[in-house]
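Here the protein sequences come in this chain order: D and R. Residues 3 to 350 (this note's numbering) are what the first sequence spells out, left to right. Residues 3 to 350 (this note's numbering) are what the second sequence spells out, left to right.
Some hints here could point you the wrong way.
Because identical chains cannot be distinguished in the list, a pair is counted as satisfied if it fits within a single copy or across any two copies.
Stated by the list, open to error - With a straight-line Cα cutoff of 25 angstroms, these simulated BS3-like cross-link-like pairs (lysine-lysine) come out: (1) 136 to 4; (2) 18 to 225; (3) 136 to 8; (4) 18 to 8; (5) 321 to 136; (6) 225 to 4; (7) 250 to 149; (8) 321 to 250.
Hint data in this document are derived by calculation from the structure and do not stem from the laboratory.
2 protein chains.
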Amino acid sequence: MKIEMKHGAGGSYMDKLLRDEIISILSSDGNVEVPLSYMDDSSVIDGIAFTTDSYTVRPYFFPGGDIGKLSVSGTVNDLSVIGAVPVALSSGIVLREGFDMDDLRRIIRSMRETLDYAGTRIITGDFKVMEHDKMDGIIINTSGIGKRSPYLERNFEIVNSYSPREGRWLLDRNLRDGDILIVTGYIGDHGVSVLSSREGISFETDVKSDVQPLNRMFEEALKVGGIVSAKDPTRGGLANALNEMAEKSQVGMIIEEERIPVRESVRSACEMLGIDPYEIGNEGKAIIGVVPEMADDVLKALRRTSEGMHSEIIGRVVKDLEYVILETSVGGRRIMERPIGDPVPRIC
Amino acid sequence: MKIEMKHGAGGSYMDKLLRDEIISILSSDGNVEVPLSYMDDSSVIDGIAFTTDSYTVRPYFFPGGDIGKLSVSGTVNDLSVIGAVPVALSSGIVLREGFDMDDLRRIIRSMRETLDYAGTRIITGDFKVMEHDKMDGIIINTSGIGKRSPYLERNFEIVNSYSPREGRWLLDRNLRDGDILIVTGYIGDHGVSVLSSREGISFETDVKSDVQPLNRMFEEALKVGGIVSAKDPTRGGLANALNEMAEKSQVGMIIEEERIPVRESVRSACEMLGIDPYEIGNEGKAIIGVVPEMADDVLKALRRTSEGMHSEIIGRVVKDLEYVILETSVGGRRIMERPIGDPVPRIC
Numbered sequence: 003m004k005i006e007m008k009h010g011a012g013g014s015y016m017d018k019l020l021r022d023e024i025i026s027i028l029s030s031d032g033n034v035e036v037p038l039s040y041m042d043d044s045s046v047i048d049g050i051a052f053t054t055d056s057y058t059v060r061p062y063f064f065p066g067g068d069i070g071k072l073s074v075s076g077t078v079n080d081l082s083v084i085g086a087v088p089v090a091l092s093s094g095i096v097l098r099e100g101f102d103m104d105d106l107r108r109i110i111r112s113m114r115e116t117l118d119y120a121g122t123r124i125i126t127g128d129f130k131v132m133e134h135d136k137m138d139g140i141i142i143n144t145s146g147i148g149k150r151s152p153y154l155e156r157n158f159e160i161v162n163s164y165s166p167r168e169g170r171w172l173l174d175r176n177l178r179d180g181d182i183l184i185v186t187g188y189i190g191d192h193g194v195s196v197l198s199s200r201e202g203i204s205f206e207t208d209v210k211s212d213v214q215p216l217n218r219m220f221e222e223a224l225k226v227g228g229i230v231s232a233k234d235p236t237r238g239g240l241a242n243a244l245n246e247m248a249e250k251s252q253v254g255m256i257i258e259e260e261r262i263p264v265r266e267s268v269r270s271a272c273e274m275l276g277i278d279p280y281e282i283g284n285e286g287k288a289i290i291g292v293v294p295e296m297a298d299d300v301l302k303a304l305r306r307t308s309e310g311m312h313s314e315i316i317g318r319v320v321k322d323l324e325y326v327i328l329e330t331s332v333g334g335r336r337i338m339e340r341p342i343g344d345p346v347p348r349i350c
Numbered sequence: 003m004k005i006e007m008k009h010g011a012g013g014s015y016m017d018k019l020l021r022d023e024i025i026s027i028l029s030s031d032g033n034v035e036v037p038l039s040y041m042d043d044s045s046v047i048d049g050i051a052f053t054t055d056s057y058t059v060r061p062y063f064f065p066g067g068d069i070g071k072l073s074v075s076g077t078v079n080d081l082s083v084i085g086a087v088p089v090a091l092s093s094g095i096v097l098r099e100g101f102d103m104d105d106l107r108r109i110i111r112s113m114r115e116t117l118d119y120a121g122t123r124i125i126t127g128d129f130k131v132m133e134h135d136k137m138d139g140i141i142i143n144t145s146g147i148g149k150r151s152p153y154l155e156r157n158f159e160i161v162n163s164y165s166p167r168e169g170r171w172l173l174d175r176n177l178r179d180g181d182i183l184i185v186t187g188y189i190g191d192h193g194v195s196v197l198s199s200r201e202g203i204s205f206e207t208d209v210k211s212d213v214q215p216l217n218r219m220f221e222e223a224l225k226v227g228g229i230v231s232a233k234d235p236t237r238g239g240l241a242n243a244l245n246e247m248a249e250k251s252q253v254g255m256i257i258e259e260e261r262i263p264v265r266e267s268v269r270s271a272c273e274m275l276g277i278d279p280y281e282i283g284n285e286g287k288a289i290i291g292v293v294p295e296m297a298d299d300v301l302k303a304l305r306r307t308s309e310g311m312h313s314e315i316i317g318r319v320v321k322d323l324e325y326v327i328l329e330t331s332v333g334g335r336r337i338m339e340r341p342i343g344d345p346v347p348r349i350c
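Isolated chain D (complex conformation):
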């Protein structure tokens, strides 16, 4: 068997490969609070949240961002969505021989600006160069370590006063019947932006990537309290993230389609290209599950932040349902399936 592009595209195809061939061999969960086998956005050991991502996006400059901003934001967000505050990041840069020095400088400066915005730093790094016939461009791995948000304890006290949970972190598996699902803004911007800037793809759009670090937004939401679960819908988009949360929590969901924020320009680009906006990646959005009693307060707090100003309640968690159901106001119902993979390859 050979590796295919869809093995790396989020979605069910990648999920199966990782579970069967990698995690089953590497996983050793004893004494790990949030282990590899949970396949959550970060793991936790000895009170330290830990996460890693290798960024291979092409082109590495795209409307609204670049691979440097992406590499910092993506890792900050993987810490934020489990309820951790970033302590420090690492950066492993692999370049092709012949890479332009000015492009490298621009990427490094963009990393620095994003670190400053997020209030964190890179404290360790590595640098490799590969022959010109052995790779293309640049790959950046950023790993991150984080500590428990100071607001997480009280957040779970509020959760537990309404609906007790076992978890101490905002894990994918924490959703229960009745929880309210919030998405923190417009869906699909990143995937369309990256696609529109690829060579050979001929369409004009003003869509910019949503790439941004979400740690400040999460701080504001956790101050309110009542959040049970969160996830950033990157590869495979909203459809993948919702299905993954539902599967891990062993619940279903009912999503009101009209409430999902999608820009008109993203919708028309997706229609033209024949792809589903719910299946393409985002890099500055989160799905947040909240106990119903706190949903309006969390929504208000999110909307007061620049990152979450377009937040919407999009649906609710339903037990005794095996699917994620998309509902329209005129009574239409269809299953939102877990995609095989992201229709836009290598968005991150």
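Take the given structure of chain D and dock chain R to it, following the hints.
Coordinates of chain R only, in the frame set by chain D:
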């Protein structure tokens, strides 16, 4: 300006690029105990040691090891040489579309075996696939987090009873006049092994890579105490590591050439290829600086371990000397210069 292969080859050329173009922009050292600007093997923040490496070695199977064993060992060693015990590793795998599934399985199993030997684990990961015309083979990034070795406190009490230091970790910059330098075994094995298995290089050798995790060996040495500094001589080999330690510590060194352990087969391969065995990379060795009063005891402890059984005292630290000097028993003296880069590209 364009990036060249030697920018990624350890040595002085890479050092300058990193300092001028990357670290000067990314570094923010406030409140970081061992910051990025130290360019040591790991950094330390909030008591957590943190390190990262991207592995691009070709071929990815070589005599004595493979990229999987290397990716675990290298990161465990970067933690070990500053005096940390590995807590957990991350793994970011990037594969080329078409990569053979059996090769992937073999690499993953090798990672697992090395993790088990080192007594640590991978708790978080990422997986990407690139188009067949965009990269070659496999790249693995492993980052690692570690905690302070339980023996480090007493180790420094012993150091300070003989020769007080400011440092609390085994940093490159900790060497002082009179310290004894130990190398923990044969030099050059990894570079020659990798080179011998490359296509188009026609020489026969029985040399196997020394790739191995050194955390157990460091535990035994730290139990004895008196260690001030340590470094693993990877890219750029012994010559690069010694010069880097000397520069950072603002001292010189006198190295007795006959005492440097080099296998006859490595020496003859290097002669044939016209390369310097002191400049090629190792992946299972350390240079250890010890206060003179404890040097024999540390040497004995190292020799009792399987990883360090061929350890030798190779020289001493001398203040008021600006160079690393190689001395022969017949009175010859020459400067061991810092290499521009490793003569064998991409050994890790």
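Now for the hints, and whether the structure bears them out:
| no. | hint | result |
| --- | --- | --- |
| 1 | 136 to 4 | both (19 angstroms within a copy, 16 angstroms between copies) |
| 2 | 18 to 225 | neither (37 angstroms within a copy, 45 angstroms between copies) |
| 3 | 136 to 8 | both (21 angstroms within a copy, 15 angstroms between copies) |
| 4 | 18 to 8 | within (11 angstroms within a copy, 40 angstroms between copies) |
| 5 | 321 to 136 | neither (50 angstroms within a copy, 45 angstroms between copies) |
| 6 | 225 to 4 | neither (48 angstroms within a copy, 48 angstroms between copies) |
| 7 | 250 to 149 | within (24 angstroms within a copy, 32 angstroms between copies) |
| 8 | 321 to 250 | within (13 angstroms within a copy, 61 angstroms between copies) |
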